[in-house]
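Engineer: Kindly produce the complete structure, drawing on both the sequences and the hints.
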Amino acid sequence: MSKDKFWIAFSSIEQLDSVFIKKLYNHFGDIEQAFNASMSDLSKIEGLTVKKAEKFLELRDKTNPDKCLSEVTSRGLSYLTYDSENYPYLLKQIYDSPMILYAKGDIKRCNLDRTLAVVGSRRASTGAKESLKKIMSEFLNTDICIVSGLAAGIDTTAHELAIKNGLTTIGVIAGGLDFVYPNSNKELYKKIENTYGVVISEYYPTIEPLPFRFPQRNRIVTGLSYGTLVVEAAIKSGALISANLTLEQGRELMCIPGLITNPNTEGIYKLLKNGATMVTCADDILQALNWQINVAEQMKLDFSAFGKDEKNILNSIEIEPKSFESILQETKINSDDLFVALTNLELSGVIKQIEGEKYSIA
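127 is the number that the numbering used here gives to position 122 of the sequence shown; each next residue is one higher, with no gaps.
Simulated from the structure, these hints should not be mistaken for laboratory data. Since the structure is predicted, the reported quantities are computational estimates derived from the model, not experimental observations. A portion of the hints provided could be inaccurate.
What the hints assert, rightly or not - List time: in silico DSS-like cross-link candidates among lysine-lysine, alpha-carbon distance up to 27 Å:
| # | residue 1 | residue 2 |
| --- | --- | --- |
| 1 | K60 | K28 |
| 2 | K28 | K49 |
| 3 | K27 | K113 |
| 4 | K49 | K67 |
| 5 | K139 | K191 |
| 6 | K97 | K8 |
| 7 | K241 | K138 |
| 8 | K275 | K138 |
| 9 | K241 | K275 |
| 10 | K138 | K357 |
| 11 | K138 | K169 |
| 12 | K27 | K57 |
| 13 | K191 | K169 |
| 14 | K241 | K134 |
| 15 | K139 | K196 |
| 16 | K8 | K28 |
| 17 | K138 | K316 |
| 18 | K138 | K195 |
| 19 | K57 | K72 |
| 20 | K327 | K363 |
Structural biologist: Okay, structure coming up:
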């Protein structure tokens with residue numbers, strides 16, 4: 006604890022990256038010595054230029070470690086330093102490991118031996134979200150932990166589906182924990198922090214989530230995970246950056262196929278052609294990662310519990326949602342009887358109405 010303030014002080018200096026801090030820490034073997042190094046000490050570090058050393062000393066002399074520690078503790082934040090025994094093992098294996106992780110929530114809720122990164126387009130298609138929904142539902146109530154970036158689109162869907170299916174989740178953000186981005190995810194942040202996992206950041210709490218920090222954040226999402234599932238990715242996208250990071254880090258890369266007419270699947274098919282594992286069900290992920298876990302079976306409807314009309318309706322919409330008129334034509338049920346049967350099924354929670362006035366299995 007006495008040396009934590011130096012880890013925190015290092016992270017408060019925006020101009021320093023994790024590789025620079027790690028270089029100093031590895032050389033001195035002590036974070037306090039690294040922070041208080043003189044120019045003479047720094048000159049002995051192989052590969053460290055005089056210009057970088059001088060810049061560090063200039064910034065260091067403007068930084069008060071005690072004040073930095075106080076600002077973090079006053080916010081009620083927890084943190085893990087690179088030398089902590091609880092620092093995530095997988096993350097320590099990557100070249101540019103973050104030197105500190107600030108947290109809201111409890112990382113101990115999460116099983117770090119079953120971490121799966123989920124990434125994809127911020128403008129995700131309905132089809133992509135539905136595909137992810139199917140796969141995540143097959144992980145119902147297991148100890149798998151979903152890691153993503155709390156951005157709009159697939160990230161948000163991944164966290165929400167994790168919560169819905171009784172999984173824990175880690176949200177890795179691209180700025181300090183003083184900020185919520187996007188603001189529309191404010192409630193999702195709270196759910197994760199309070200109950201379902203942890204929101205983490207390598208950035209000092211006052212550092213803003215600027216655009217260039219999002220690609221930096223991606224290395225933590227993939228670095229925390231045994232494998233990365235790419236749901237949608239255009240040729241030039243953050244998701245494709247995450248895919249490349251996954252390969253550089255020696256982790257398993259997996260992709261969900263999508264419509265070939267969707268521009269957001271161009272990156273997916275490029276990755277699949279280059280050897281990524283195709284995923285159409287949860288078992289594909291388990292096999293790729295060689296995980297032996299008990300997966301709750303995907304819910305199958307027990308049609309024997311329903312009458313003839315209900316069975317015909319459920320058979321009709323089991324594959325895809327359909328409108329009242331389509332069900333009427335397919336089942337040949339009297340329209341009044343069909344309305345009653347649909348109402349009963351909806352009230353019992355077996356089916357639901359979705360956008361476009363269609364009926365779907367709930």
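Engineer: Each hint should be assessed against the structure and marked as holding or not.
Structural biologist: The hints, checked one at a time:
{"no.": "1", "hint": "K60 / K28", "in the structure": "holds, 15 Å"}
{"no.": "2", "hint": "K28 / K49", "in the structure": "holds, 12 Å"}
{"no.": "3", "hint": "K27 / K113", "in the structure": "holds, 25 Å"}
{"no.": "4", "hint": "K49 / K67", "in the structure": "holds, 23 Å"}
{"no.": "5", "hint": "K139 / K191", "in the structure": "holds, 25 Å"}
{"no.": "6", "hint": "K97 / K8", "in the structure": "holds, 19 Å"}
{"no.": "7", "hint": "K241 / K138", "in the structure": "holds, 25 Å"}
{"no.": "8", "hint": "K275 / K138", "in the structure": "holds, 23 Å"}
{"no.": "9", "hint": "K241 / K275", "in the structure": "holds, 12 Å"}
{"no.": "10", "hint": "K138 / K357", "in the structure": "holds, 16 Å"}
{"no.": "11", "hint": "K138 / K169", "in the structure": "holds, 10 Å"}
{"no.": "12", "hint": "K27 / K57", "in the structure": "holds, 14 Å"}
{"no.": "13", "hint": "K191 / K169", "in the structure": "holds, 17 Å"}
{"no.": "14", "hint": "K241 / K134", "in the structure": "holds, 20 Å"}
{"no.": "15", "hint": "K139 / K196", "in the structure": "holds, 22 Å"}
{"no.": "16", "hint": "K8 / K28", "in the structure": "holds, 18 Å"}
{"no.": "17", "hint": "K138 / K316", "in the structure": "holds, 24 Å"}
{"no.": "18", "hint": "K138 / K195", "in the structure": "holds, 22 Å"}
{"no.": "19", "hint": "K57 / K72", "in the structure": "holds, 24 Å"}
{"no.": "20", "hint": "K327 / K363", "in the structure": "holds, 5 Å"}
Checked against the numbered hints above, the structure violates none of them.
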